[in-house]
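Q: So the chains spell out like this:
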Amino acid sequence: MSESPPILSLRDVSKSFGAVQALSGVRLDLYAGEAHGLVGENGAGKSTLVKILAGAHPADTGTLTVDGKELAFSGPADAQAAGIAVIYQEPTLFPDLSVAENIFMSHQPLRSMRRIDANAMRAATSELFARLGVGLDPDRPARGLSIADQQLVEIAKALAFDARVLIMDEPTAALSGVEVERLFSVVGSLRESGAAVLFISHRFDEIFTLCSRITVMRDGRWVSTDPAAELTVEELVRRMVGREVSSLYPKTAAAVGESRLEVRGLTRHGVFEDVSFAVRGGEIVALAGLVGAGRSEVARAVFGVDRPDAGEVIVDGSTLPPGDTAAAIAAGLALVPEDRRQQGLVMELSVERNATLTRRWSLSRLGLLFGGAERAAARMWSERLQVKTARLTDPVSTLSGGNQQKVVLAKWLSTEPGVLIVDEPTRGIDVGTKAEVHRLLSELAGQGVAVLMISSELPEVLGMADRVLVMHEGRLVADIPRTQADEESVMLAATGQGGGA
Amino acid sequence: ASQEEVAQPTSGASAGTGTIKEGLKIAFLPKQVNNPYFDASDNKGGKIAVEEFKGVYSQTGPSEASPSAQVSYINTLSQQGTDVIVVSANDKDAICGALQEARTAGAKVVTYDSDTNPSCRDLFINQASAEGIAASQIKLISEAIGEEGGEIAILSATANATNQNTWIEMMKTELAKPEYAKLKLVDTVYGDDDDQKSFQETQGLLAKHPDLKGIISPTTVGVAAAARYLSASEYKGKVQLTGLGTPNQMRAYVKDGTVKAFALWNPSDLGYLAAYAGGALASGLITGKEGETFKAGKLGDYTVGKDGTVLLGDPFVFTKDNIDDFDF
Amino acid sequence: MTAVTQAPTGAREGTRLVHRVFVIRELGIAAALVLLVAVTTLVNPRFLTAQGIKDLLLGSTILAVLAVGQSIVVITRNVDLSVGSVLGLSAFATGSLFLANPGLPIPVALIAGVLLGAACGVVNGALIAAARVPALVVTLGTLYVFRGVDYTWATGRQINAADMPPGFLRMGSATLLGVPVLALFAVMVLVAAGYYLRTYRSGRELYAIGSSPPAARLAGIPVGKRVFAAFVVSGALAGLAGVLYAARFGTLDANAGNGFELNVVAAVVVGGVAIFGGSGSVYGAALGAVLLTTISSALPVLGVSQFWQRAAVGALILAAIGLDRALAVRMARSLRGRSGRG
Amino acid sequence: MTAVTQAPTGAREGTRLVHRVFVIRELGIAAALVLLVAVTTLVNPRFLTAQGIKDLLLGSTILAVLAVGQSIVVITRNVDLSVGSVLGLSAFATGSLFLANPGLPIPVALIAGVLLGAACGVVNGALIAAARVPALVVTLGTLYVFRGVDYTWATGRQINAADMPPGFLRMGSATLLGVPVLALFAVMVLVAAGYYLRTYRSGRELYAIGSSPPAARLAGIPVGKRVFAAFVVSGALAGLAGVLYAARFGTLDANAGNGFELNVVAAVVVGGVAIFGGSGSVYGAALGAVLLTTISSALPVLGVSQFWQRAAVGALILAAIGLDRALAVRMARSLRGRSGRG
Ligand SMILES: Nc1ncnc2c1ncn2[C@@H]1O[C@H](COP(=O)(O)OP(=O)(O)OP(=O)(O)O)[C@@H](O)[C@H]1O
Ligand SMILES: Nc1ncnc2c1ncn2[C@@H]1O[C@H](COP(=O)(O)OP(=O)(O)OP(=O)(O)O)[C@@H](O)[C@H]1O
Ligand SMILES: [Mg+2]
Ligand SMILES: [Mg+2]
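First to last, the sequence lines map onto chains A, B, C and D. So the first sequence is numbered by this note's numbering: it starts at 18 and just counts up by one. So the second sequence is numbered by this note's numbering: it starts at 2 and just counts up by one. So the third sequence is numbered by this note's numbering: it starts at 904 and just counts up by one. So the fourth sequence is numbered by this note's numbering: it starts at 904 and just counts up by one.
Hints in this document: simulated from the structure, not taken from any laboratory. Accuracy of the hints is not assured; some may be wrong.
Simulated restraints, written as ranges between beta carbons of each label pair [what the hints assert, rightly or not]:
id : chain 1 : residue 1 : chain 2 : residue 2 : range
1  : A       : Ser276    : C       : Val1232   : 53 to 59 Å
2  : A       : Leu509    : D       : Ala1229   : 53 to 59 Å
3  : D       : Ala1229   : A       : Arg148    : 50 to 56 Å
4  : B       : Leu300    : C       : Pro1008   : 43 to 49 Å
5  : D       : Val1011   : C       : Val1094   : 56 to 62 Å
6  : C       : Val1094   : D       : Ser1208   : 42 to 48 Å
7  : D       : Thr1055   : C       : Ala941    : 24 to 30 Å
8  : D       : Leu1002   : B       : Asp328    : 43 to 49 Å
9  : A       : Glu144    : C       : Val1232   : 30 to 36 Å
10 : A       : Gly334    : C       : Ala1222   : 48 to 54 Å
11 : A       : Met397    : D       : Thr1055   : 19 to 25 Å
12 : D       : Val1011   : C       : Val1232   : 41 to 47 Å
13 : B       : Gly147    : D       : Gly1206   : 53 to 59 Å
Every residue gets a Cβ at the ideal spot worked out from N, C-alpha and C, and that includes glycine.
Whenever a hint applies, use it, and build me the whole structure from the sequences.
A: Given below as structure tokens:
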């Protein structure tokens, strides 16, 4: 394979977002006819690399060569022109347009006078769907598609390009076994026709099934590229993590007390069904599962952001009214959402205002906030969490990602919750802060708080949880105690192939 | 301080001879400056008069006819020591306070075209009496329709326009006269001084009243819009139109036969008279009391009537034969 | 996931409903229009004579042309508030042009008006691209600026029918096979815009941009360029509308088109174009314009007090909102039902 | 993260700049205002006499009251286009009330106007909550509806100064220690609104809603209730403005406040309130209103052709956009510098 020159090659590519160095000195070669695996921890920089290849982000430094010619992409259109098709990690569909149009946007089949040939487009879509085994109507709008269907449309979109380089960022995360098999056979035929495929996944079995070479990334750096045949799963994990995992997870045992949060038969039709579990004071319970399994949705329903169709939530013995966030807060619930920039913080408000945004009762009299009390509370929590900021009156948008995360935590901790739900608490923050957040969670549990932690990072789940709940396709499929939880048992349950419950 | 400024020229004047002093600062403040009507009255009438008696002419005003906009102009004029403010009021009361202060500061206030409260000004130059306008409008439509008479309708400006409503009332009185027994007023609609709305209301009138013989539109926007509509419709020549309009606006429609005759006072004469009245006031020749007389250049002698009002005269009738003599 | 293996007939039905919903939106306006015309004609048969139809079409022309331009902008999740001022500027420019060159051929005046409007659109588009500020704010600014330029240029002058060539004015009311020439302009613009939006890549990209700007950027669509072009088109159509205004009304001063911007947005909304972009059609917008004008013409004929006219326009907007909402709820239900995991 | 352990002085400077930027926005308008008044006074010293100041304040009062209400709505990422119509309705209602009850005490009229405005706000708020449609569209509908109700009610009547009690009209021009009473209303409203937005939890929540509606919902803020309240307040202030309008102008017909909506939005934008919510202050909006009114009063004094007035307003809006953009760029650069690794 390595005799012919690579179709695409990256050298010394670096990219930073503000304080976060997402990539530094990364290299990558893709050859015709190969499927290349790319693995790394969350936040290792895989998606950032994809976006650079796609022209969506400009690289800070480094060179990109396609067919021996050095190129500079000024936008996604340039990458497309160079024959690169991308499936992004998050679906990027147009909700108002039909599925067929989504697939062929900007390269619709044409007839005379550069007009769009709608019939040809519909036929081509049907054909793509047949190849992928999808039963969607090409004419339906993308609005309302399930995550899996969205992902399938994304795949069809990339296939429609007839691209020479196909990049897939976790395309299988939401797919079932049958669909994954179909996808693999399609990828196989693409390879035979001489295309190069870059495949990103957290599922090692898929990586080893599909890929001939595997590149490992860690903390934004290139670690290694080797033929798959020369690697084992253990070796991959060692290279991905590359540090003592134990120090990252300072879990201390805490006295487990009364049940503080109880969820009974919670259901939102089409999203999750009949979810029941309990979290006791002093306990950290992890909620694991694949992307799209419905974990965040459960958290939102428990917190009253979305109204469940059935089931009840009991906090410290009293049942919460459904769909009432204020009541949930008053009962002592707190939720740190996964999308902090969008949902966790009010970016234009100051640190202190954000930190006390949810502290409605004790600081105010007749709704009037006393500046002094507010500032004192903000200072106390910022100090405890070591938020690094010049002043508490700075807008949150001026903070680094990790510090923003701490402000979100401060915001909820200042309500002195009895039950803390954290959704992906360490997504997008660096190693040092990660350990700090873990220490804090463990400390809170030590004080008798019931913690429900949603995490897609298996090491975090295994390192921090007293108990692991696993969700698969909207159902709770396993409840594994700390002593029995390992990578295999959790992954099996998450992919719906085993587990107890 | 301002009173001294005004007081001084008075001493140099010879009140007895009845001539207007030279060097008087006379400012015209129309409702709205971007309006051809006021362009004619001020720059083609008032200005000529002021130049005749060697005063200093100026024109200023808002670009939009809103009640509050004129206040700051009045204040500015008063601050500049203007001797006479000739103003067409956008609002009867809104500018009263400002005018009173200007008068306290020594300025004479003459209103034209649109009056304020009589207590806020010295004289009002009335372009035409409501009776005169109503009479001429009814006469014109009656002549246009001819002997047999028939249904007529009125296309007015806004429903709130005071002068329009007064004229309409007077027209009804006029129609009650026996010589107009064959004319029947069947409808009154409002075009809001907007081309499109006036079009639509004209359309509506014609659809609603199949036997309509004539339309009176005593507003310049309305009559031009109605004329434009009629000139391009099947009703041209069958439905008569008259109203108050300017010769330039109506020229095309008088020539193509859509409109036989329409009326308007001559706005240049109105401005001319207002300037002379202001000059006479500021020179101490008159004070604004009923019965006083003054000479207004080429227009001749005028007498102050009730409530400090001076009447310009009867509306002027424009026809195919004389319309080319005018340009405003 | 289940839906894939599920009964495909159910899926088809669901999407057919979605289709129907999209067509229903335009049919709804068309039905309201037909109903209005029918009732008015019953009350007064003269409403639908040749002259009546001609008046209806002529009356809607200018608003319809503006609505087509506006909906192209709105589809990209923007808005152009400056169209009324551009119309005024272009109308006055047309008059001035004829005043200065009495023998000017009509097509030259048309082209000049369109070019002037397009130039205003270029200003809007460039400011939006440069300032990266919501179009609402930028075009609010240029609304005042363009109108100010118009005022300064006109300085109180008025251009009258007598100043314009009779041939031009005749165009304002002439008919071709019973259809007014001005309305033919509107129809041409409408069909061209509708066809372009449906069948050309760049047209579809406008919908994509309005539907999801970040996704559009990732799809390689030149978002800035397309939005710029949408504003230029909207400006050019406002310029065209200005020339048509001059031909129709004959009397021009600096106030022409004052306050049109909200009427145009109202027509677009009534026509079912979503104000946050991505959906709707120029046909709907044009129908909305016709409906709004017809209401204004029909109320006097129906003998309804003209004071109610504004309220009727407002009620129409609120009814359109209600209809959109009901359709959205119904569509969401049908889509949810089909893609559910159950 | 690195920046945290890095030079803390750099960080301090960066954030101090950020602070400065926020204050600069209001200072910028204030400076423009001072400059305008200073230049005008230099040209004509009488511009700044007691009477001149009184006129300036009186002139700005109504627009400022409306701008305060509007900015509360805009801060929540909404817009209220119906304020002009609400003002008209309330002004006419005030007149009618005095016509029917000549001896009515003034406070009763004030309260009636405010309540009527609040009722209109309730209609807006309820429609927005029920239809889940952009406020732009809903208030465009109610703009027409409220104005239509006003027309229908007035049916061409006009209410004149003579119909209202002299005490009420005197309020329209009376002064207290040299400050016009009407302006005192505006100042009271402004200070109350400013204080409320800064120091009350629910006021703070309005910013949170405009800044990020999903974050606000997750924080347990009753978004629907707050937005509803913002529209009620905006309506109530428009109602108050209507009463003030009646007191100031004395002559009332159904057209009062026609077209005000865009002026109010312009004032708010000039005042630095972001049209997509979350930032800006009522003080800025009120300053914007004063600046817009002062420009209109100063131009004639400066001898600038009145035709330029509109263009000046437009230029002001565009300048405000430019200033916002420049500040945003500068702030982004300083933040980048502050958090960069270099
Ligand atoms: N637009 C952005 N702004 C700021 N930081 C970003 C941005 N995009 C990515 N990052 C940061 O860059 C780092 C790398 O992120 P990236 O999405 O590439 O990780 P990844 O390897 O794809 O992880 P995952 O497996 O979770 O998808 C993370 O720390 C992330 O927080
Ligand atoms: N906006 C949406 N529209 C339709 N369906 C949605 C939407 N958001 C979520 N879902 C559905 O809810 C399911 C669960 O999504 P959710 O985000 O809760 O998963 P998760 O387990 O938290 O995944 P992640 O690891 O990404 O946080 C998805 O499979 C999807 O079908
Ligand atoms: Mg990723
Ligand atoms: Mg999640």
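Q: For every hint, state whether the structure bears it out.
A: How the hints compare with the structure:
The hint said 53 to 59 Å for the Cβ distance between A:Ser276 and C:Val1232, and at roughly 39 Å that hint is violated. In this structure, A:Leu509 and D:Ala1229 meet the distance hint of 53 to 59 Å, their C-beta atoms being roughly 57 Å apart. Range check, D:Ala1229 to A:Arg148: about 53 Å between beta-carbon atoms, so the 50 to 56 Å window is met. Distance hint check: the CB atoms of B:Leu300 and C:Pro1008 are about 46 Å apart, consistent with the given range 43 to 49 Å.
In this structure the hint that D:Val1011 and C:Val1094 lie 56 to 62 Å apart at CB holds, the actual value being about 59 Å. Between C:Val1094 and D:Ser1208 the beta carbon distance is about 44 Å. The supplied range of 42 to 48 Å therefore holds. Distance hint check for D:Thr1055 and C:Ala941: the Cβ-Cβ separation is about 25 Å, which falls inside the suggested range of 24 to 30 Å. Taken as a hint, the range 43 to 49 Å holds for the pair D:Leu1002 and B:Asp328, whose Cβ atoms sit roughly 46 Å apart.
For A:Glu144 and C:Val1232, the Cβ-Cβ distance of about 34 Å falls inside the hinted range of 30 to 36 Å, so the restraint holds. In this structure the hint that A:Gly334 and C:Ala1222 lie 48 to 54 Å apart at CB holds, the actual value being about 50 Å. In this structure the supplied range 19 to 25 Å is violated for A:Met397 paired with D:Thr1055, their Cβ-Cβ distance being about 60 Å. The hinted range of 41 to 47 Å is satisfied by D:Val1011 and C:Val1232, whose Cβ atoms lie roughly 44 Å apart.
Take B:Gly147 and D:Gly1206: their Cβ atoms lie about 55 Å apart, and the range 53 to 59 Å holds.
Checked against the numbered hints listed earlier, the structure breaks hints 1 and 11; every other hint is satisfied.
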